[in-house]
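Sequences are here, hints too, so could you generate the full structure?
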Amino acid sequence: DTAVSQTPKYLVTQMGNDKSIKCEQNLGHDTMYWYKQDSKKFLKIMFSYNNKELIINETVPNRFSPKSPDKAHLNLHINSLELGDSAVYFCASSPARGIGTEAFFGQGTRLTVV
Amino acid sequence: DQQVKQNSPSLSVQEGRISILNCDYTNSMFDYFLWYKKYPAEGPTFLISISSIKDKNEDGRFTVFLNKSAKHLSLHIVPSPPGDSAVYFCAASPHGGSTLGRLYFGRGTQLTVWP
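Residue numbers (our numbering), protein chains in the order written: chain A, 1 to 114; chain B, 1 to 115.
A couple of the hints might just be wrong.
What the hints assert, rightly or not - Some but not every residue of chain B turned toward chain A, in silico, with C-beta under 8 Å:
no., residue
1, 34
2, 89
3, 102
4, 103
5, 105
6, 107
7, 108
Said to hold, decoys possible - Calculated from the model, a selection of chain A residues having no Cβ within reach of chain B, i.e. all distances over 12 Å:
no., residue
8, 6
9, 13
10, 14
11, 20
12, 26
13, 44
14, 61
15, 62
16, 70
17, 114
Everything labelled a hint here was simulated from the structure, so no lab data went into it. All figures in this text were calculated on a predicted structure; none of them were measured in a lab. Here a beta-carbon is modelled for each residue, glycine too, at the ideal position from N, C-alpha and C.
Okay, here's the thing in structure tokens:
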């Protein structure tokens, strides 16, 4: 009965490859997010979708493209992977995009680019 | 430019004692604050939150205090069993516009509770 699930949990790939991380939530939430935790442990938002609509797009390279086929799924596709993309990527969801609603996180995907 | 700061990367507390984790923020637009707990190889899990209209919120062993004038909040955990050993993240959310729902996180404090 996992609430927010991401696959894969670990991903090792070579520079230049294209990879995707999938995320699904079964909480019925309207809003989903992608966060990145870098080597310095900072958790920063990358994207936010509300009912399949992009509402937050941080200063992220164009190589990163989120896709939301429905409000329960938010996938992250990364083109031409670079060494600096190595990080832990967390998907999250929340009931609404207003204040007062906490986000529920997936277990994270540790991406290592070699 | 970190808008949420946790200046103590680690805290060590004896089992049964109180743990106090601190957090400072710089953005006066923040009006909702949260604490998350994270175990290794897992995602952050929500612990407790507080709105800027309050100065204290309590939930079981967890109490969060907010001092708006000082732009400071703290999480008190009483008592602290070894199972509380984890990284604790402070997060804040601003109101208005396209930032709705976005969380700004601190760098986290590793709490170690020893027997």
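Consistency of the hints with the structure:
1. 34: holds, 6 Å
2. 89: holds, 7 Å
3. 102: Residue 102 of chain B check passes; min Cβ-Cβ to chain A is 5 Å, inside 8 Å.
4. 103: holds, 6 Å
5. 105: Hint on residue 105 of chain B: holds, closest Cβ of chain A at ~4 Å, below 8 Å.
6. 107: holds, 5 Å
7. 108: At about 6 Å, which falls below the 8 Å cut-off, the nearest Cβ of chain A leaves the hint on residue 108 of chain B intact, so it holds.
8. 6: Given that some Cβ of chain B is not farther than 12 Å from that of residue 6 of chain A, nearest at about 8 Å, it is violated.
9. 13: holds, 19 Å
10. 14: Holds: least Cβ distance 24 Å, greater than 12 Å.
11. 20: holds, 19 Å
12. 26: Nearest chain B Cβ is 15 Å from residue 26 of chain A, so the label holds.
13. 44: The claim breaks: residue 44 of chain A does not keep its Cβ more than 12 Å from every Cβ of chain B (closest is about 7 Å).
14. 61: holds, 19 Å
15. 62: The assertion about residue 62 of chain A holds, with a minimum of 19 Å to chain B.
16. 70: Per Cβ check, residue 70 of chain A is outside 12 Å of chain B; nearest 18 Å; holds.
17. 114: holds, 20 Å
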